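Novice: Just so we're aligned, residue 1 is where the sequence shown starts under full-length UniProt numbering, counting upward by one.
For the record, the hints were derived by calculation from the structure and aren't laboratory data.
The structure presented is a predicted model; accordingly, all values stated were derived computationally and were not measured.
The beta-carbon is built from N, C-alpha and C at its ideal position, and this holds for glycine as well.
Here are the computed distance ranges between Cβ atoms for each label pair:
#1 233 / 153: 18 to 26 angstroms
#2 64 / 179: 30 to 38 angstroms
#3 46 / 252: 45 to 53 angstroms
#4 136 / 80: 29 to 37 angstroms
#5 36 / 94: 21 to 29 angstroms
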Amino acid sequence: MLTAWQSWAAGESDDLGTSLVVLPGMFGPGGRPVVKVWGVHHGAAEELERALDALTDLAGVKPAHRETTATGPYADVMHEALCGSKTVQQCHRTGTGPEAVGHRHPYTRQAYRLTGRPVTRAEAESLLRAWEPDLDAEHYLLCIALGGAANRVGRTETAYVHRDARFLTGYQIATRDPEAVARGPVELDAWADRCAEALAPLATGSYINFPDSRTPPDWEADHYGENAARLRAVKRAYDPDGFFRHGRSIGS
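Generate the whole structure from the sequences, applying the supplied hints.
Specialist: What follows is the structure, given as structure tokens:
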């Protein structure tokens, strides 16, 4: 399914935005891992149906569930996808306001990289082995399709340098056990490290909005490439005292 989806996403029009996630058995039917594909389409409904039929043909198996919703304004579609029936005030993260009931992430460790092409079957098998299908934990493998218009802009025209990236691919694992969180579970770090090793041969760079749990020594070049020097100059001009800073802020 992973190879079929990546090949499909790479070949579809700019109207399609899509993601794939592999979820563990705790979220799947009969306690088995499950693959979920979702997205948005900025085009005619019949074109979306054609595209979904093409994905089914490539995968060679019909989905257990397939659903499309009605066309709507961007803001309404995003609210429905992320908040459902909640109000804007309710959709804020729990603890940020009196009505806020939005999801707050548990303790997590992760590994994310940008990749430049659809994976082969052997590469997909390697990525799934690293994910560990039999692991009894809240963990997932995520792929977000990139490219399209974003890849028709020059590398130095904006801060985002990764104009050859076709996918964001990554892993995340979580625990909701307060005792485990307190001790900083090394097994979660080890799992994320193994996943990072599986991604490394495919990687073309990293995206700062999806950081690894580990900070590599060359993180600035990996995130910004030849744009790093210009970004450091902007940082010095607008924030000379380094008021806005964190472990991976520009120039840190």
